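K.L.:
Below, each chain spelled out in residue letters.
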Amino acid sequence: MIEVENLVKKYGEVTAVKGITFTAPSSQVTGFLGPNGAGKTTTMRMLTGFTPPTSGNAIVAGYDVFDNSLEVRRRVGYLPENVPLYRDMTARGYLMYVAEIRGIKHRRQRADDVLDRVGLIDRAESRIRTLSKGMKQRVGLASALVHNPPVLILDEPTIGLDPLQVLELRSLVSELGRDHTVLFSTHILSEAEQVCDKVVIINQGQIMAQGAPLDLRNSLQEGGRLIVRVDAPSQAVLAAIQNVPGVRHAEMNDDAIIATPTDTSTDPRAEIARTIVDKGWNLLELRPLAVNLEEIFLELTRHQGVVAENVSEAAPTEVKEIVS
Amino acid sequence: MTDLTSNAPIIERQPEPVEQGMSLPWLAVYKRELNVYFRSPIAYGVAFAILFFLGLLINGYIAQANGTYPADSTYAPGLLTFLSFLIAPLLTMRLLAEESREGTLEVLMTMPMNESQFIIGKFLAAWTYFTILLLLTLVYHLIMVVVGTPDLGAAFGAYLGAWLYGGAVLAVTMIWSAVTEEQILSALLGAATVLVLYLTDIAAIWIGGQNSTNGLADFVRELGLQAHYNATMAVGIIRAEDILYFLFMIIGALFITTRIVETRRWRS
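Sequences listed follow chains Y and F, in order.
Here the first sequence is numbered in the numbering used here, starting from 1 and rising by one per residue.
Here the second sequence is numbered in the numbering used here, starting from 1001 and rising by one per residue.
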């Protein structure tokens, strides 16, 4: 469990993290999503006790990161973004070193256990510098798992991996999410959608939104726009839909019409269908415009400050249709 | 900000804790670092160059002194202390600069270990390597014993002094390794610092004149390394103030290094 409250980090004049508040629940994978430079790494460094916050609180695995840094460090496994490793050590040697610093008994056995877990046991005696990028990433992950910590903090673990390695790593992270609190940062939205039980969206040092990917998506669809496809002259259809009660605005988009309801609680689908059928046209399609995290994210960052308080008001101005 | 976290009950599951014993992080760091020294070409290069150079000089000394001077076992440790302005920076330049540049410092500082444990482990590894180098020069003492009758008290004082001297110089040069990520720069700054500490004798003479009892001159002289070695321990005079000088140098330098690493972490 990670609980963050009003966390601030300043570097001189620059405020990298501007008072963020979020939680990462136990036994879940929480995605920490944001563009490069949003403050993800700085936040993670504060949560791991590497760098102290300027103000605010963060409780990780039950301990305050500032007052009880050592207790937090005992309970956190951290994989920094560029996966720093001692290149001249063997994979097993490195893990035994980490285990020794952490005061773990039966170090060799433990090193082999985690190497096995990340699927690298057959390369245990290889020097780290001879390993591929994906393997190094796994050695890094193994080193974060040596003490089997309740909390795992992974900073962009899939960056620079090939597609197959990315898939492997994602499934490993999902698996770890079953009994660890995993905070996992990424700037790839589809990744967060696939792997995470919850996402926290950060931009320019501020939290834009947080929640389950599905909830975030629904909140945008709720009162969101409808896509209407009718087998009839489009200008006539457009005019007809514009006159339907509950529709504030309708516009052409390729061969379909996008209708925006008057407010979030109104669902004018029944009215639209009746109107079209009454005119004797064939209704081909009528459904809410699907939205993925990518769009939520673009929207949130575009209307930053204005929509940050309420995702559902983030009426997209230019949304491409996504087949859901 | 919107919190859309669902209210579904969360099943709290904790991972199995791993069996843990007493943890001595400094010992882990020390063992790894010593291991690195014995695999590092620089460390072997330093050892080879020093021992080769010492061998040539002592060979010449014995040839010249034969039948003229008494056998003297303080020659080798004395030379080693003089050369420490070269040896120490080469041994310590890597210690922290590399960890910082490679980012491994970030990993280590998120483990349950504080800066001082980390730095003490590093320092002790460097000092151990220096100690081994110093012990290797005992071979010249054995040669002196064969060719003459060296003063054993002076030899003991000189070796004890050189050992402490080495520790102090290593601790001081290690500060630079924490300051910069550039190993070469760290070595150059380290060498310059040791030379300054070595040459304070000359500065004292400038300040006070040859035979003066100028207080400032004395103070400057006492700050330097030579005042606590060349005239005292190197000839077998073991004074508490000299031992304390070296110990304070070590502790002070390690404290400064710890603070620098801490500050760097706070700013990152």
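Because the hints were derived from the structure by calculation, they are not lab data.
Since this is a predicted model, take the numbers as computed values, not measurements.
Careful, some of the hints might be misleading.
Covered, in the sense of this in silico footprint (three residues per stretch, anywhere, with C-beta under 8 angstroms from a C-beta of chain F), are these stretches of chain Y [to be verified]:
| no. | segment |
| --- | --- |
| 1 | 73 to 82 |
| 2 | 95 to 109 |
Computed spacing ranges between beta-carbons, pair by pair [stated by the list, open to error]:
| no. | chain 1 | residue 1 | chain 2 | residue 2 | range |
| --- | --- | --- | --- | --- | --- |
| 3 | F | Arg1267 | Y | Ser265 | 45 to 51 angstroms |
| 4 | F | Phe1038 | Y | Glu125 | 15 to 21 angstroms |
| 5 | Y | Asn57 | F | Glu1222 | 45 to 51 angstroms |
A few chain F residues that face chain Y, going by a derived Cβ cut-off under 8 angstroms, partial list only [to be verified]:
| no. | residue |
| --- | --- |
| 6 | Pro1017 |
| 7 | Gln1020 |
| 8 | Gly1103 |
| 9 | Thr1104 |
| 10 | Glu1106 |
| 11 | Val1107 |
| 12 | Met1109 |
| 13 | Thr1110 |
| 14 | Glu1182 |
| 15 | Arg1239 |
Note that the Cβ used here is the ideal one computed from N, Cα and C, for glycine as well.
K.L.:
Less than 8 angstroms between beta-carbons is the criterion; does Val1107(F) satisfy it with respect to chain Y?
P.N.:
At 5 angstroms from the nearest chain Y Cβ, Val1107(F) passes the 8 angstroms test, so the hint holds.
K.L.:
Are at least 3 residues of the segment 95 to 109 of chain Y within less than 8 angstroms of chain F when you compare beta carbons?
P.N.:
holds (count 9)
K.L.:
Could you tell me whether the CB distance from Arg1267(F) to Ser265(Y) stays inside 45 to 51 angstroms?
P.N.:
50 angstroms, holds
K.L.:
Once the shortest beta carbon distance from Pro1017(F) to chain Y is found, is it less than 8 angstroms?
P.N.:
7 angstroms, holds
K.L.:
For the range 45 to 51 angstroms, tell me whether the beta carbons of Asn57(Y) and Glu1222(F) fit it or not.
P.N.:
At 50 angstroms between Cβs, range holds.
K.L.:
Just to be careful: measuring from the Cβ of Glu1182(F) to every Cβ in chain Y, is the smallest value less than 8 angstroms?
P.N.:
This interface hint is violated because 18 angstroms lies over the 8 angstroms limit.
K.L.:
Cut-off 8 angstroms, C-beta pairs, minimum 3 residues; does the coverage of the segment 73 to 82 of chain Y by chain F stand?
P.N.:
holds (count 6)
K.L.:
Given Thr1104(F) as an interface hint, is its Cβ closer than 8 angstroms to any Cβ of chain Y?
P.N.:
Since chain Y brings a Cβ to about 4 angstroms from Thr1104(F), closer than 8 angstroms, the hint holds.
K.L.:
Using Cβ atoms only, decide whether Glu1106(F) comes closer than 8 angstroms to chain Y, and label the hint accordingly.
P.N.:
5 angstroms, holds
K.L.:
Would you settle whether the hint for Thr1110(F) is holds or violated, based on the nearest Cβ-Cβ distance to chain Y being less than 8 angstroms?
P.N.:
4 angstroms, holds
K.L.:
Under the criterion of a CB-CB separation shorter than 8 angstroms, is Gly1103(F) in contact with chain Y as hinted?
P.N.:
Since chain Y brings a Cβ to about 3 angstroms from Gly1103(F), closer than 8 angstroms, the hint holds.
K.L.:
Taking the least C-beta to C-beta distance, is Arg1239(F) closer than 8 angstroms to chain Y?
P.N.:
39 angstroms, violated
Checked against the numbered hints given earlier, this structure breaks hints 14, 15; the rest are met.
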